[in-house]
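**Q** Below are the chains, spelled out letter by letter.
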Amino acid sequence: MKTLTNFHAKYWKKITPEASEALDKHGFGRREFLKGLGALIVGYSAAGVLNKAGAQFPTATVPLNQVDSWLAVAADGSVTGFAGKCDFGQGFRTVQQQLVAEELGVQFENINMIICDTALCPDQGVSSGSQGHPTQFGNNALRQALVTAREALLQMGAAQLKVTAAELSLENGNVVVTKDPSQRMSFGQLIGGKRFSLALNQQARPKDPLTYTILGTSVPRLDVPPKVTGEFEYVQNKRVAGMVHGKVVRPPKPGAKLVKVNEGSVAALPGNVKVVIKNDFVGVVADKEWLAQNAADVLDVTWTDGDTLPNQETLYADMRKMPSRDSLIVAQSDVDTQMKAAARTFAATYVHPFQMHGSLGTSCAVADVKGAGASTTATIWCASQGVWNQRGSVALILGTTATNVRVVFMEGSGCYGLNGADTVAYDAAIMSQAVGKPVRVQYTRRDEMISADSYGPAYVIDLKAGVDAQGQMIAWDYEAWTFSKGGRPAVANPGNVISGALAGFPTAAVVPAAANPPNNYSNNSNADSSYGMGCVGNSCGGTGNIKSERVLVHTIQSPFYTGPLRSPNRLQNCFANESFIDEVAAGLKADPVAYRLRHLVDTRLRDCVTKAAEAYGWDSRPSPKAGNPKTGVVTGRGISCVLYEGNNGYCALIAEVEVDQETGKVEVTRIITSNDSGPISNPDGLSNQMEGGAMQGMSRALYEEVKWQEFGLTSVHWRAFPVYQFGNRLPYIETVLINRPDVRQMGAGETTITIVAAAIANAIFDATGARIRQVPFTPARVLAALKARA
Amino acid sequence: MASIKLTVNGTAHTVDVADPEMPLLYVLMDDLQLNGPKYGCGLSQCGACTVLLDGEPIRSCQTPVSLAAGHDVLTIEGLGTMENPHRIQQLFMDEQAVQCGYCISGPMLYGKVFIDQNPGSSQEQILEALSGLLCRCHAHTRMMRALTRYSEEVKA
Numbered sequence: 000m001k002t003l004t005n006f007h008a009k010y011w012k013k014i015t016p017e018a019s020e021a022l023d024k025h026g027f028g029r030r031e032f033l034k035g036l037g038a039l040i041v042g043y044s045a046a047g048v049l050n051k052a053g054a055q056f057p058t059a060t061v062p063l064n065q066v067d068s069w070l071a072v073a074a075d076g077s078v079t080g081f082a083g084k085c086d087f088g089q090g091f092r093t094v095q096q097q098l099v100a101e102e103l104g105v106q107f108e109n110i111n112m113i114i115c116d117t118a119l120c121p122d123q124g125v126s127s128g129s130q131g132h133p134t135q136f137g138n139n140a141l142r143q144a145l146v147t148a149r150e151a152l153l154q155m156g157a158a159q160l161k162v163t164a165a166e167l168s169l170e171n172g173n174v175v176v177t178k179d180p181s182q183r184m185s186f187g188q189l190i191g192g193k194r195f196s197l198a199l200n201q202q203a204r205p206k207d208p209l210t211y212t213i214l215g216t217s218v219p220r221l222d223v224p225p226k227v228t229g230e231f232e233y234v235q236n237k238r239v240a241g242m243v244h245g246k247v248v249r250p251p252k253p254g255a256k257l258v259k260v261n262e263g264s265v266a267a268l269p270g271n272v273k274v275v276i277k278n279d280f281v282g283v284v285a286d287k288e289w290l291a292q293n294a295a296d297v298l299d300v301t302w303t304d305g306d307t308l309p310n311q312e313t314l315y316a317d318m319r320k321m322p323s324r325d326s327l328i329v330a331q332s333d334v335d336t337q338m339k340a341a342a343r344t345f346a347a348t349y350v351h352p353f354q355m356h357g358s359l360g361t362s363c364a365v366a367d368v369k370g371a372g373a374s375t376t377a378t379i380w381c382a383s384q385g386v387w388n389q390r391g392s393v394a395l396i397l398g399t400t401a402t403n404v405r406v407v408f409m410e411g412s413g414c415y416g417l418n419g420a421d422t423v424a425y426d427a428a429i430m431s432q433a434v435g436k437p438v439r440v441q442y443t444r445r446d447e448m449i450s451a452d453s454y455g456p457a458y459v460i461d462l463k464a465g466v467d468a469q470g471q472m473i474a475w476d477y478e479a480w481t482f483s484k485g486g487r488p489a490v491a492n493p494g495n496v497i498s499g500a501l502a503g504f505p506t507a508a509v510v511p512a513a514a515n516p517p518n519n520y521s522n523n524s525n526a527d528s529s530y531g532m533g534c535v536g537n538s539c540g541g542t543g544n545i546k547s548e549r550v551l552v553h554t555i556q557s558p559f560y561t562g563p564l565r566s567p568n569r570l571q572n573c574f575a576n577e578s579f580i581d582e583v584a585a586g587l588k589a590d591p592v593a594y595r596l597r598h599l600v601d602t603r604l605r606d607c608v609t610k611a612a613e614a615y616g617w618d619s620r621p622s623p624k625a626g627n628p629k630t631g632v633v634t635g636r637g638i639s640c641v642l643y644e645g646n647n648g649y650c651a652l653i654a655e656v657e658v659d660q661e662t663g664k665v666e667v668t669r670i671i672t673s674n675d676s677g678p679i680s681n682p683d684g685l686s687n688q689m690e691g692g693a694m695q696g697m698s699r700a701l702y703e704e705v706k707w708q709e710f711g712l713t714s715v716h717w718r719a720f721p722v723y724q725f726g727n728r729l730p731y732i733e734t735v736l737i738n739r740p741d742v743r744q745m746g747a748g749e750t751t752i753t754i755v756a757a758a759i760a761n762a763i764f765d766a767t768g769a770r771i772r773q774v775p776f777t778p779a780r781v782l783a784a785l786k787a788r789a
Numbered sequence: 000m001a002s003i004k005l006t007v008n009g010t011a012h013t014v015d016v017a018d019p020e021m022p023l024l025y026v027l028m029d030d031l032q033l034n035g036p037k038y039g040c041g042l043s044q045c046g047a048c049t050v051l052l053d054g055e056p057i058r059s060c061q062t063p064v065s066l067a068a069g070h071d072v073l074t075i076e077g078l079g080t081m082e083n084p085h086r087i088q089q090l091f092m093d094e095q096a097v098q099c100g101y102c103i104s105g106p107m108l109y110g111k112v113f114i115d116q117n118p119g120s121s122q123e124q125i126l127e128a129l130s131g132l133l134c135r136c137h138a139h140t141r142m143m144r145a146l147t148r149y150s151e152e153v154k155a
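Chain order of the listed sequences is A and B.
For the first sequence, the positions run 0 to 789 when numbering that gives the first Met the number 0 is used.
For the second sequence, the positions run 0 to 155 when numbering that gives the first Met the number 0 is used.
These are calculated hints, taken from the structure and not from any lab test.
We put the CB at the ideal spot given by N, CA and C, even for glycine.
Mixed in with the good hints there might be a few duds.
As the list claims (entries may be wrong) - For the chain A half of the interface with chain B, some residues (derived, Cβ under 8 angstroms), not all of them:
| no. | residue |
| --- | --- |
| 1 | 220 |
| 2 | 255 |
| 3 | 258 |
| 4 | 361 |
| 5 | 520 |
| 6 | 691 |
| 7 | 702 |
| 8 | 726 |
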């Protein structure tokens with residue numbers, strides 16, 4: 000594995016002026032954009048991209064199956080890559096550029112990546128679920144386009160140089176006769192300014208990862224130099240000529256409907272204030288952001304009372320009685336009989352609160368809506384994970400067609416899933432359409448936290464296990480209750496987030512229904528533990544050896560909008576599953592690592608556990624640690640592991656904690672975590688993701704809980720929704736990277752965060768003998784657990 | 000409409016503001032079109048809006064622009080550029096010490112001022128000095144590595 004090379008910041012400079020110029024200029028479609036690069040290429044599906052020179056609309060979808068959708072070579076040989084997987088600060092822009100350099104044999108610095116512009120980039124759906132890495136290295140995506148192009152370039156070179164393709168190699172953007180490198184032709188000479196006009200060839204062979212020279216190295220991220228010098232243009236910094244500022248005025252409580260707006264209440268304010276109303280949507284627009292905020296603060300709006308919220312004090316008990324839509328992940332018929340036959344049984348209940356993405360910067364978007372009726376066009380600059388869903392759903396809101404909308408991704412504050420990035424783009428679009436000018440909207444902290452963020456849902460999880468006389472688990476019974484409302488917007492569903500719903504689009508309700516038997520095994524939510532065989536029908540897809548399992552989930556209509564929050568559902572499920580196996584191991588006086596390995600059959604997951612334990616210096620013994628006093632500060636360690644989404648990244652994590660038994664305060668002092676996501680594309684980038692995920696997971700485990708009262712949500716700022724902050728104890732973190740060049744690429748953005756809470760809970764138990772089964776592990780809850788310990 | 004004179008990153012500016020109670024942040028973002036200081040909470044709870052006022056870190060989201068009149072404001076743009084970064088910026092690059100980077104003004108500017116005044120401070124001391132700042136990507140470990148290196152260099 001190569002280490003960090005000291006890259007010069009100029010590589011980012013080289014990229015931004017061209018990219019931003021093209022993105023900024025109205026009247027630029029894909030063809031003009033490529034012309035601007037000197038490529039003189041007619042963009043794919045030119046008729047759709049452009050009906051005449053200079054016109055931006057209509058913009059058709061750029062297809063996945065054409066090389067020209069992904070790649071353009073300019074006359075000077077520089078390469079522009081187009082990708083539909085965005086970067087939110089994980090470094091995936093840089094990794095995609097490494098991939099282009101690697102597979103095409105071009106110098107890294109001669110490449111320009113354009114990502115997630117619906118007018119320019121292939122439609123790769125949503126950038127989420129740790130799917131960027133597996134997708135781009137998969138069959139119908141960036142790598143296959145590059146490999147197809149490489150083979151075409153070799154063929155072109157062979158014809159021009161009068162040799163066979165087998166006698167040629169690629170070197171820094173040239174096709175070179177291997178035995179006589181003086182004979183060569185540059186990519187610019189071969190294809191510069193022309194189209195490949197080739198469909199992706201699924202038989203074209205990618206490079207063997209063992210021969211990688213750029214992938215697999217820690218190429219520094221292109222976005223870091225501009226970020227640390229303040230030169231980076233976030234969506235919050237997007238400025239368009241003639242732009243004005245919008246602010247939203249939200250209902251005070253979920254479900255409240257608009258009764259009336261007294262527009263006179265802001266009539267005397269400076270800044271050309273305009274009130275925008277669309278169904279239940281209310282916003283104000285003014286020339287300056289501060290003046291818009293002042294107007295939003297005083298606008299006199301009357302709302303209905305809104306929904307009756309559940310009582311937070313009794314929520315977890317009440318959830319069991321609420322109507323639900325049920326689903327079964329695994330449903331072996333002998334669970335109850337095995338449980339009865341077991342030598343010992345164990346049972347425990349775990350609960351997890353609503354949590355929010357809580358982006359540090361509030362969500363922001365800029366919309367420029369022009370024209371009227373069916374000829375309405377719009378350009379949206381936003382930080383959505385789903386720019387193609389934005390395109391279609393914004394079109395619905397504006398009453399136009401998707402081809403009349405262009406959505407340009409710009410990085411915002413880290414989102415970690417469905418924060419306010421989608422819904423704020425609707426706000427901007429609605430207000431821009433109303434005032435006929437480009438409108439920028441950035442939320443207040445309060446707006447972001449209680450009326451934009453689609454929360455990660457609360458969970459109650461009951462677990463039971465049956466163990467035979469030899470200590471082997473023979474039955475596992477999981478039953479969970481959780482919430483759902485709305486979710487990620489789809490092309491036809493702007494009502495999945497609040498602004499779409501306020502504008503009059505329906506939010507799909509949870510329809511109660513009994514569960515059907517599962518058709519096939521999917522552990523996408525990690526509801527099934529790592530120790531189950533995961534048998535459905537005749538096939539088994541789990542990573543463990545417990546055959547007799549039932550995994551049943553009840554989904555309830557949520558009082559609040561919910562949506563994917565980094566490791567959605569998997570984090571809550573792994574907190575329960577990975578705590579519970581620890582409880583069973585402790586009950587049997589077994590070592591937690593050894594007891595996991597006894598029930599794990601997947602060799603890669605076993606390897607992750609073993610390597611983390613080795614790096615930690617794990618001494619084999621049961622928990623709790625013998626000899627710790629029942630008073631004062633004590634230390635302990637806990638482990639957890641997962642195969643993320645059942646197929647997308649192996650991870651194990653060991654946390655070491657200090658517990659103050661007088662105050663109940665828990666501090667994590669050390670985290671050792673191992674990860675196997677197949678071939679590593681950028682080792683330092685992988686470490687960065689693992690470290691950040693571990694720390695964010697620690698914050699969620701120790702501090703984070705959305706709160707409300709009868710009158711509404713109360714988690715309105717950082718004092719009311721505390722998170723880990725500078726000044727809190729900083730754990731030492733060590734990452735163990737397991738590189739497997741011989742298998743397919745998997746994701747790694749959400750592996751460590753998934754299993755931190757359980758590792759900490761297990762470590763608290765190891766230190767104190769007290770089991771904590773409710774997130775977050777506040778001092779009061781830890782004290783209660785200490786009081787309740789045997 | 001009040002006319003406010005202030006110096007930002009070494010350049011003198013005169014800005015007309017409708018409301019002298021408007022926080023400095025909005026002049027920097029909206030009028031002077033700077034990208035460094037950012038709106039995070041408007042409540043002095045996170046630090047994304049941090050700038051130096053006459054060399055001391057302040058939260059520009061809650062500092063009325065009238066208080067900055069006649070003073071020197073420095074944002075992270077004023078520290079250095081990509082071609083010629085300040086040493087602390089170079090160390091953040093070397094340690095790849097951001098993810099989304101939205102928070103960076105807080106840890107970098109509070110860190111710089113504290114370390115310049117207390118060279119050789121330990122990681123624990125710097126961490127304590129940064130109390131109350133937030134980073135939601137939780138890139139704290141890398142930022143602390145960069146800052147600790149800076150502390151060692153300033154001492155030497």
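**Q** Have a go at the residue 702 of chain A hint: is there a Cβ in chain B nearer than 8 angstroms to its own Cβ?
**A** Violated - the Cβ of residue 702 of chain A stays beyond 8 angstroms from chain B, reaching only about 11 angstroms at its closest.
**Q** How about residue 258 of chain A: closest beta carbon in chain B under 8 angstroms, or not?
**A** 28 angstroms, violated
**Q** Can we keep the residue 726 of chain A interface hint, with Cβ of chain B closer than 8 angstroms?
**A** 3 angstroms, holds
**Q** Going by Cβ atoms only, is residue 361 of chain A closer than 8 angstroms to chain B?
**A** Cβ of residue 361 of chain A sits 7 angstroms from chain B, so the hint holds.
**Q** The hint names residue 520 of chain A as touching chain B; please verify it with the least Cβ-Cβ distance against 8 angstroms.
**A** With Cβ-Cβ at 33 angstroms, over 8 angstroms, it is violated.
**Q** Classify the hint on residue 255 of chain A as holds or violated, based on whether any CB of chain B lies nearer than 8 angstroms to its CB.
**A** 24 angstroms, violated
**Q** Let me know if the C-beta of residue 220 of chain A comes in closer than 8 angstroms to any C-beta of chain B, holds or violated.
**A** 6 angstroms, holds
**Q** Report holds or violated for the interface hint on residue 691 of chain A, using the least CB-CB distance to chain B and a cut-off of 8 angstroms.
**A** 5 angstroms, holds
Hints 2, 3, 5, 7 from the list above are not met by this structure, while the remaining hints are.
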